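Student: Using the sequences plus the hints, can you model the full thing?
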Amino acid sequence: MYLKYALCAATALSVLGTTGAFAETITIATVNNGDMIRMQGLTEDFTAKTGHEVEWVTLEENVLRQRVTTDISAKGGQFDIMTIGMYETPIWAKNGWLVSMDDLPADYDVDDILPAMRGGLSYDGTMYAAPFYGESSMIMYRKDLMDAAGMEMPDAPTWEFVADAARAMTDKENEIYGICLRGKAGWGENMAFLTATSNAFGARWFDENWKPQFDTEPWAKTLNFYIDLMNEAGPPGASNNGFNENLSLFQQGKCGMWIDATVAASFVTNPEDSKVADKVGFALAPDTGLGKRSNWLWAWALAIPAGTKKEAAAKEFIQWATSKDYIELVASKEGWANVPPGARKSLYENENYKDIPFAKMTLESILSADPNNPTVDPVPYVGVQFAAIPEFAGIATQVGQEFSAALAGQQTAEEALAKAQALTAEEMEAAGY
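Sequential numbering of the sequence shown, starting at 1, is according to the working numbering.
A portion of the hints provided could be inaccurate.
[Unchecked claim] No farther apart than 27 Å at their CA atoms in a straight line, the calculated lysine-lysine pairs in the DSS-like style are these:
1) 333 x 279
2) 75 x 309
3) 324 x 354
4) 49 x 310
5) 172 x 275
6) 75 x 94
7) 279 x 49
8) 254 x 143
9) 279 x 354
10) 333 x 345
11) 324 x 310
12) 49 x 345
13) 172 x 211
14) 345 x 324
15) 345 x 360
16) 275 x 345
17) 211 x 94
18) 354 x 143
19) 211 x 221
20) 172 x 254
21) 310 x 75
22) 49 x 333
23) 360 x 324
24) 221 x 360
25) 94 x 354
26) 94 x 360
27) 360 x 143
28) 333 x 354
29) 94 x 172
30) 360 x 279
31) 172 x 143
32) 309 x 49
33) 254 x 360
34) 333 x 360
35) 310 x 143
Note that these hints are calculated values from the structure, not bench results. None of the values given here were measured: they were computed from a predicted structure.
Tutor: See below:
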């Protein structure tokens with residue numbers, strides 16, 4: 001039964017008979033991607049079960065990161081739940097900024113969460129955020145365009161093959177671009193993609209003494225390869241394209257290949273949104289033969305900022321949104337292909353999910369990403385597409401702007417790398433590394 005409770009001037013809140021808790025209105029900051037929008041549409045189920053109302057603040061990815069970081073570091077208290085990821089969670093937990101998730105009930109089944117997701121959202125052995133979905137990255141490609149080019153995509157291709165295929169599929173007169181890749185500046189936008197890609201080229205952010213490495217040959221190879229490929233086979237204005245822009249291009253049939261988050265697979269294969277839904281194939285992110293692929297590891301997760309006055313209601317929402325029951329709810333309304341992936345082991349053991357065409361490749365991509373050994377040569381940091389240190393977000397945002405400017409033709413790759421080296425060295429020295 002749907003229960004509403006009035007808040008009267010001097011009277012106590014009514015008590016929910018089912019939960020023994022007061023009804024609250026909680027505010028959630030989240031990212032404007034498809035799975036989060038879908039969750040908002042299902043919030044009435046949560047309200048019906050608990051009495052709690054939800055107010056949403058939905059933001060573009062770069063804006064979300066800035067807003068929640070500013071709010072939590074200043075103890076602003078704007079949000080009761082924040083959508084954050086594997087980078088922020090252990091750093092913020094160490095600072096005492098997050099509520100721990102060590103008291104979730106037994107029927108939530110914390111042990112069902114994939115170890116890679118649970119580990120990345122923990123600090124000192126305690127989980128501080130619950131994964132709404134988990135992801136790696138992989139290649140999504142047009143099988144029809146690949147066939148027309150006379151080529152066959154391997155399950156585990158090299159960057160050389162990908163580049164050759166991209167050029168072969170490109171037909172700019174008809175607005176068909178062989179490859180769509182992130183170019184929008186941001187530590188979680190172009191730098192997520194480029195850092196993961198650089199791992200495959202043998203590059204790294206820092207050596208074992210925390211010295212920046214942008215003045216090395218592997219980074220020069222990475223950035224020049226990327227810019228040359230995008231100039232020859234990418235869409236116009238690529239320096240403005242992030243996840244959502246490339247998703248739209250792919251769904252419109254304008255991309256031969258797109259290397260991005262595994263979670264996008266359900267969107268590009270949904271016939272209601274994608275013109276090429278029945279033509280999409282999947283492959284592992286490419287390598288260069290050095291032993292590392294260009295795939296990342298990430299979870300968009302829900303966390304509670306310390307100091308909220310609505311911790312109990314916030315935790316109830318997180319239990320609802322990241323539960324096995326929520327997966328079943330989405331499946332009942334949207335189909336199994338559209339459930340949030342990559343968070344729970346049981347999903348990949350579910351007979352209803354095993355035949356989803358991208359399920360196996362998603363799981364393989366997640367399991368192959370190693371945040372403790374992300375690079376060819378040793379590094380002092382943890383993280384595949386980021387370095388898990390507090391300074392990284394600010395530095396990588398600046399570096400991302402330089403690389404985006406190089407993609408836009410405003411400077412050369414060499415100039416961008418020189419600036420990246422200088423600014424990173426300055427920031428790291430100032431931070432005491």
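Student: Taking the hints in turn, state whether each one holds.
Tutor: Hint check results:
1. With a CA separation close to 24 Å, the supplied pair residue 333 and residue 279 stays within the 27 Å bound.
2. Only pairs whose Cα atoms come within 27 Å are accepted, and residue 75 paired with residue 309 is accepted, the gap being roughly 12 Å.
3. For the suggested pair residue 324 and residue 354, the alpha carbons sit about 16 Å apart, so the restraint of at most 27 Å is met.
4. Between residue 49 and residue 310 the CA atoms are separated by roughly 17 Å; this keeps the pair inside 27 Å, and the hint holds.
5. A C-alpha spacing of about 18 Å is found between residue 172 and residue 275, which places the hinted pair at or below 27 Å, so the restraint holds.
6. For a cut-off of 27 Å, the pair hint linking residue 75 to residue 94 stands: about 15 Å separates their Cα positions.
7. Proximity of residue 279 to residue 49 is assessed by CA-CA distance (about 40 Å); at most 27 Å being required, the pair is judged violated.
8. Simply put, residue 254 and residue 143 have alpha-carbon atoms about 13 Å apart, close enough for the 27 Å limit, and the pair holds.
9. Between residue 279 and residue 354 the CA atoms are separated by roughly 20 Å; this keeps the pair inside 27 Å, and the hint holds.
10. Annotation: proposed proximity of residue 333 to residue 345 holds, straight-line Cα distance about 22 Å (limit 27 Å).
11. The hinted pair formed by residue 324 and residue 310 meets the criterion: a straight-line CA distance of about 24 Å does not exceed 27 Å.
12. For the given pair, residue 49 sits about 26 Å from residue 345 by alpha-carbon distance, which is consistent with the 27 Å threshold.
13. Annotation: proposed proximity of residue 172 to residue 211 is violated, straight-line Cα distance about 42 Å (limit 27 Å).
14. The straight-line distance between the Cα atoms of residue 345 and residue 324 is roughly 10 Å, inside the 27 Å bound, and the hint therefore holds.
15. Restraint check for residue 345 and residue 360: the C-alpha separation of about 12 Å stays at or below 27 Å, so the hint holds.
16. A distance of roughly 31 Å separates the Cα atoms of residue 275 and residue 345; the hinted pair therefore is violated under the 27 Å criterion.
17. Taken as a hint, the residue 211 and residue 94 pair is honoured in the structure, with Cα atoms around 24 Å apart against an allowance of 27 Å.
18. Of the pairs offered as hints, the one joining residue 354 and residue 143 holds, with about 21 Å between alpha carbons and a cut-off of 27 Å not exceeded.
19. For the hint pairing residue 211 with residue 221, the CA-to-CA distance comes to about 19 Å; that is within 27 Å, so the pair holds.
20. Distance check on the hinted pair: residue 172 and residue 254 sit about 9 Å apart at the alpha-carbon level, within 27 Å; holds.
21. Of the pairs offered as hints, the one joining residue 310 and residue 75 holds, with about 15 Å between alpha carbons and a cut-off of 27 Å not exceeded.
22. Restraint check for residue 49 and residue 333: the C-alpha separation of about 18 Å stays at or below 27 Å, so the hint holds.
23. About 19 Å separates the Cα atoms of residue 360 and residue 324, which keeps this hinted pair within 27 Å; it holds.
24. Between residue 221 and residue 360, the direct Cα distance comes to roughly 31 Å. Violation of the 27 Å bound is thereby established for this hinted pair.
25. This hinted pair does not check out: residue 94 and residue 354 have alpha carbons roughly 38 Å apart, beyond 27 Å.
26. The suggested pairing of residue 94 with residue 360 is violated, with an alpha-carbon distance near 35 Å, which exceeds 27 Å.
27. In summary, the hint linking residue 360 to residue 143 is supported, as the alpha carbons are separated by about 18 Å, within the 27 Å threshold.
28. Restraint check: the Cα-Cα separation between residue 333 and residue 354 comes to about 18 Å, which is no more than 27 Å; the hinted pair holds.
29. For the hint pairing residue 94 with residue 172, the CA-to-CA distance comes to about 50 Å; that exceeds 27 Å, so the pair is violated.
30. At roughly 18 Å between alpha-carbon atoms, residue 360 and residue 279 fall within 27 Å of each other, so this suggested pair holds.
31. Distance hint between residue 172 and residue 143 is fulfilled; the C-alpha atoms sit about 18 Å from each other, no more than 27 Å.
32. Proximity of residue 309 to residue 49 is assessed by CA-CA distance (about 21 Å); at most 27 Å being required, the pair is judged to hold.
33. Pair hint residue 254 plus residue 360 holds up; C-alpha atoms about 26 Å apart against a cutoff of 27 Å.
34. Restraint check for residue 333 and residue 360: the C-alpha separation of about 23 Å stays at or below 27 Å, so the hint holds.
35. Among the hinted pairs, residue 310 with residue 143 is inconsistent with the structure: their alpha-carbon atoms are about 49 Å apart, more than 27 Å.
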